[in-house]
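Protein chains in written order, with the numbering used here: chain A, 1 to 316; chain B, 1 to 298; chain C, 1 to 560.
If you're looking for bench data, these hints aren't it; they were derived computationally from the structure. Watch out, some of these pointers could steer you wrong.
As the list claims (entries may be wrong) - Okay, the calculated bits of chain C under chain A, using three or more residues with CB under 8 Å as the criterion:
#1 248-256
#2 430-437
Claimed, not checked - Derived lysine-lysine pairs resembling DSBU-like cross-links, with alpha carbons at most 35 Å apart:
#3 A:Lys94 <-> C:Lys53
#4 C:Lys376 <-> C:Lys228
#5 A:Lys94 <-> C:Lys202
Unchecked claim - What follows is a set of in silico ranges between Cβ atoms, one per label pair, in the way DEER data are often shown:
#6 A:Thr305 <-> B:Lys124: 18 to 28 Å
#7 A:Asp127 <-> C:Lys286: 51 to 61 Å
#8 C:Val125 <-> A:Pro98: 21 to 31 Å
#9 C:Asp249 <-> B:Phe132: 18 to 28 Å
#10 C:Arg205 <-> A:Ser181: 47 to 57 Å
The C-beta atom is built at its ideal place from N, Cα and C for all residues, glycine as well.
Listed below are the residues making up each chain.
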Amino acid sequence: MQAFIVRRLLALIPTLIFTSIIVFASIRLIPGDVIDLMLSQNDISTGNDRAMIEEALGLNEPIYIQYFQWIGAAVQGDLGRSLWQNTPVTEQLKETLPITFELGLLALIVALTVAIPIGIYSAMHQDTAGDYITRSFSLLMLAIPSFWLGTLVMVFPSVWWRWAPPLEYTPFLEDPIANLSHMIVPAIILGLGLSAVTMRMTRTMMLEVMRQDYIRTARAKGLGENLVVMRHALRNGLIPVVTLIGLQAPLLIGGAVILEQIFVVPGMGLLLLEAVFQRDYPIVTGVFLVVGVAILIINLLVDLTYGFLDPKVRQQ
Amino acid sequence: MSDITIPAPAQAPLIGGGRFAFTRRLIREKPLGAAGGAIFMLFLFCGVFADVLAPYGVNETDMFHRLEAPSLSFLMGTDHIGRDVFSRILYGAQLSMIVGFLAAGLATVVSIVLGIVSGYVGGKTDMLIQRFVDAWMTFPDLVLLIVVISIVGPGMTQIIVILGLLYGIAGSRIIRGQVVSVRENMYTHAAQSMGARTIYILWKHILPNVMPVVIILFTTRVGAVILAEAGLSFLGLGVPPPTPTWGAMLSGTGRTYMYLGPWLALAPGLCLTIVVYAINIYGDALRDLLDPRMRGSR
Amino acid sequence: MKRLMGIAVLAVLLSPNLAAVAKEPQYGSTLDVGTVNVTLSALSWDPADWAWKSTHDTGMVREQLFVGDLGKSVRNGGPYPFIADAYLPKGAIKGELAESWEWEDPLTLVVHLRKGVMFTELPGVMAARELVADDVVFTYELLSTSPKKIPTYFTHINDVVARDEHTVVFYFNEYNAEWDYRFGYGYYSGIVPRETANIDRKSWRNVVGTGPFTMGRYILGNRQTYEKNPGYWGTETIDGQEYALPFVDQLNYRIIKDEATQLTAIRTGQLDILEGIRWIAVDHLKETTPELKWNRWLSTGGTFMALRVDTKPLDDIRVRRALNLAVNQREIVDLYYGGHAQLMAYPQHPGFGEYFQPLEEMPESVQELFTYNPEKARALLVEAGYADGFEMEVQVCSCSPDNMDLVPLLDSYLAKVGVRLKIKPMEYASFLSAMTTRTHTPGYLMGSGHVNPTTSLRKSFVTAQTWNPSMYSDPVFDAKMEELYQTRDEARRIEMVRELTIKILDEAPYLWLPTGFTYTAWWPWVKNYGGELRVGAVRPGPIYARIWIDQEMKREMGFK
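Hey, can you work out the whole structure from these sequences and the hints?
See the structure below:
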């Protein structure tokens with residue numbers, strides 16, 4: 001098992017290099033580079049300012065040299081500085097990453113709290129009214145675009161009751177209540193939207209597993225229904241569900257971009273979107289690298305959980 | 001569920017008859033799923049015949065009938081520049097279906113090929129493919145979309161291809177997980193030991209076993225693609241106007257004129273929600289019926 | 001619905017009661033503002049970056065030589081609304097850091113600095129100390145030697161010298177009509193201390209100045225917080241009584257990208273002021289939140305579709321005029337904007353006073369362009385050899401909902417004369433760089449700021465300027481602009497600006513479109529304020545320093 005983990009960790013390295021090259025190059029391919037944006041700040045300019053700014057920002061070197069400089073520094077934990085604000089990228093990540101992480105975690109908790117019970121319930125009561133109602137609720141939450149649900153929640157309570165979730169960010173450690181009252185609404189919307197996918201996977205796998213031979217055997221052995229569900233069915237049914245949670249990590253960040261915008265959550269999604277629109281290369285590459293590492297680690301954990309949940313894979 | 005019983009044919013049904021039998025079974029055992037399917041077919045029908053059904057031109061503006069509430073002459077009202085919302089919804093259905101089907105189809109093919117190859121062949125190939133999938137999945141899809149769309153320009157083809165690849169590669173993980181699980185099952189071992197050809201094993205044992213997952217993936221994807229297009233529209237990267245996609249109608253004028261003309265948001269919002277919901281319910285019902293271990297039982 | 005009416009009735013009952021007594025100004029509390037730029041985080045904190053938004057984000061910390069005189073605002077019975085984004089009429093200017101100034105000779109300007117003005121402490125960099133002439137010289141040199149500077153911006157200045165501790169002398173090469181704007185109240189005029197020469201100026205923690213506020217905290221994408229500077233020199237006289245500034249303890253610039261969220265924030269009192277509200281939202285906001293106070297202003301940027309005069313068939317003036325005739329601008333004002341727009345308010349802004357000439361006073365040929373006449377448009381196209389019309393690519397920024405809405409409308413107008421638009425929406429950076437790299441399509445739908453009477457003409461119609469999207473180029477026009485800048489006599493300048501504006505309108509390098517109104521709303525507890533937007537170049541800081549919050553009223557209305 002240990003060798004397996006080490007091997008997987010080592011395998012991360014080529015993946016990271018591959019990813020970083022693609023990101024590094026692609027963000028620079030977008031038309032409208034940062035120099036154009038900086039120049040368009042001013043209403044007068046001539047061609048020769050371009051060279052000066054490029055040099056000042058170190059963008060005049062060939063792209064592969066820029067890459068080596070960047071990766072060389074990145075290995076030492078320096079992701080460069082924002083081209084616009086000159087703040088170190090690591091500092092900005094340190095500020096925004098925990099916020100998005102908190103939002104994602106809250107959303108995941110919401111999603112699982114809703115999804116797994118509904119999934120199990122509807123599998124055990126297949127084709128009853130209860131199955132239809134619970135499942136419909138979950139699927140409806142999936143079917144409503146999050147930006148639309150977010151807008152409705154933002155607008156209508158304020159029109160009817162003059163109430164809206166607070167929009168001023170307070171760090172969790174400064175005031176947990178103020179922090180949560182800001183974060184909880186977007187987290188619920190994000191979580192509900194994600195819950196359907198987990199719910200149906202739980203349900204599908206529960207149905208599948210419950211019909212398999214060893215469950216039949218367990219039943220035949222006279223084990224109580226709940227015990228069968230808990231011990232055998234759930235454990236085996238959860239394998240693909242765990243995969244799915246891994247899959248949802250980038251979805252959480254993607255979905256967070258939209259909700260962070262509506263609910264003014266100063267997280268990484270907002271930072272990333274702003275940086276992409278402003279062509280702030282070091283921030284975009286930095287965010288990618290960090291998100292990439294995080295997601296790779298989550299996937300690694302998923303693979304390990306596989307082994308834990310499924311004895312057949314574990315023995316391999 | 002249903003009281004209506006139809007006498008079963010004496011002999012094994014022909015393919016056509018089998019299809020009808022399947023539909024009957026769907027209606028009898030899964031009324032909700034059948035309803036979902038029917039709704040979906042209705043939208044599909046509207047999409048296909050949008051040109052015939054639409055009472056007005058899709059971009060026909062009439063500034064003297066702007067922001068009018070639904071009425072007999074404008075079934076879903078008019079928008080801020082006097083276009084008939086009902087006509088635009090019909091064309092929107094067409095676009096959603098095209099984008100949804102093509103992207104989900106592409107995604108499914110990619111998922112199956114990658115998932116089965118990786119999961120069944122295993123070893124080095126599996127390792128390589130999984131590393132590639134890992135790398136791919138570290139791209140938050142939004143940024144990938146922004147990057148690609150900024151380079152090639154916004155448009156339907158781009159969205160179809162990008163979403164197809166994105167979901168396809170990500171989804172291959174699920175198929176692979178399933179394949180690994182099936183491969184370890186005893187009966188495959190048995191077939192292998194009997195010296196069966198790989199293709200035969202894939203076709204006869206693996207594919208039927210991953211089929212439920214494939215169907216779920218496909219139906220989920222159709223809905224997800226329609227939703228993703230809407231999300232892109234919200235961020236200003238969707239199919240360019242004046243093309244009437246539901247996402248653009250909802251996130252653009254729908255949100256702006258939320259108070260002055262609530263129907264502008266209601267119409268595309270409800271259509272989006274209903275279609276995505278119907279597709280999902282239908283997909284779940286199909287899954288229940290197509291499950292190989294359920295075949296013959298009940 | 002019932003509940004809603006209940007709130008409304010309650011509010012009506014309460015409000016006369018509240019407004020009855022004129023109270024004495026109060027200190028304390030927090031002011032939360034959604035400024036005109038509520039969607040944009042700060043771009044750069046370094047004055048040497050020449051970022052246009054710098055005065056917006058630091059204008060309450062760093063002060064300038066000149067500032068708008070709020071005592072002469074419309075609210076105080078004066079003539080000036082303080083709406084224009086970067087233009088102060090002569091009479092509206094007063095000294096901020098400058099106590100007085102005079103011309104020693106036609107090319108030598110002497111500025112006497114205010115005494116006793118203190119820079120605040122910047123831990124680790126500098127202790128609090130008095131502003132001296134050397135700081136002004138330092139700032140000028142910092143700006144004029146920056147690689148990012150606008151190359152021709154300071155060519156009129158030969159040298160800036162500190163004559164003594166509180167006297168700065170500007171030696172000019174030539175007269176420039178914009179001298180007071182360029183290094184007085186403009187975008188790049190905030191005075192910083194010498195000590196910032198060798199520190200990291202891009203960090204928000206290092207923003208320092210002499211203003212009413214100090215930098216507090218910056219949370220990207222959420223807010224910029226400014227704290228009261230207790231040692232600030234400035235005062236405000238209200239009802240004959242002099243008060244030290246600022247009144248509030250804390251000023252928050254809130255960053256909110258989403259329009260629906262902005263409206264919710266003002267409605268729920270999370271914002272005290274929201275400066276830029278689109279007309280579409282106004283009626284509903286007034287209905288649901290009747291207590292709000294309002295001001296209406298004509299946007300300080302024009303909307304138009306630039307027509308590249310260096311491409312066929314737009315090089316033909318008849319084609320360009322035909323496009324203008326084919327679009328019913330009047331109908332756009334009445335129906336699309338619901339009357340919340342002015343038919344012609346670009347390139348000159350009605351707020352520019354005499355420089356602006358209303359459409360009715362313009363020659364027939366200009367008025368014609370704003371009159372719907374599809375028959376004549378078709379005839380002109382036939383005359384130009386495009387009887388069957390043509391297809392034209394148009395780029396538009398997906399960042400502007402208004403422009404995105406206008407495009408399909410223009411498309412349907414133009415289709416009626418056989419001109420088909422191929423619409424290409426682009427996101428902000430790609431869109432802008434298409435223009436700066438001159439790769440933009442023949443049609444380019446955009447908005448552009450008025451800035452001030454001369455700049456408005458120069459930046460968009462002088463040969464090879466960055467913000468000249470129609471690629472307009474006329475040596476005669478360029479020469480006239482040159483002459484305009486060197487003209488000292490304002491009456492003569494007004495005459496010239498009017499003449500050049502008519503020429504440009506007439507030649508139709510753009511498809512001219514109406515200019516919309518924007519609205520500012522604030523809660524009644526925001527006192528000593530009347531919807532003024534800027535007292536410099538996008539610089540609202542001094543306005544906020546003069547606002548006080550009626551905290552009892554706020555509490556009585558049910559807000560914390």
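Hint by hint, here is what the structure shows:
{"no.": "1", "hint": "248-256", "result": "holds (count 4)"}
{"no.": "2", "hint": "430-437", "result": "holds (count 8)"}
{"no.": "3", "hint": "A:Lys94 <-> C:Lys53", "result": "26 Å, holds"}
{"no.": "4", "hint": "C:Lys376 <-> C:Lys228", "result": "62 Å, violated"}
{"no.": "5", "hint": "A:Lys94 <-> C:Lys202", "result": "18 Å, holds"}
{"no.": "6", "hint": "A:Thr305 <-> B:Lys124: 18 to 28 Å", "result": "24 Å, holds"}
{"no.": "7", "hint": "A:Asp127 <-> C:Lys286: 51 to 61 Å", "result": "53 Å, holds"}
{"no.": "8", "hint": "C:Val125 <-> A:Pro98: 21 to 31 Å", "result": "29 Å, holds"}
{"no.": "9", "hint": "C:Asp249 <-> B:Phe132: 18 to 28 Å", "result": "56 Å, violated"}
{"no.": "10", "hint": "C:Arg205 <-> A:Ser181: 47 to 57 Å", "result": "29 Å, violated"}
This entry does not satisfy hints 4, 9, 10, going by the numbered hints stated previously.
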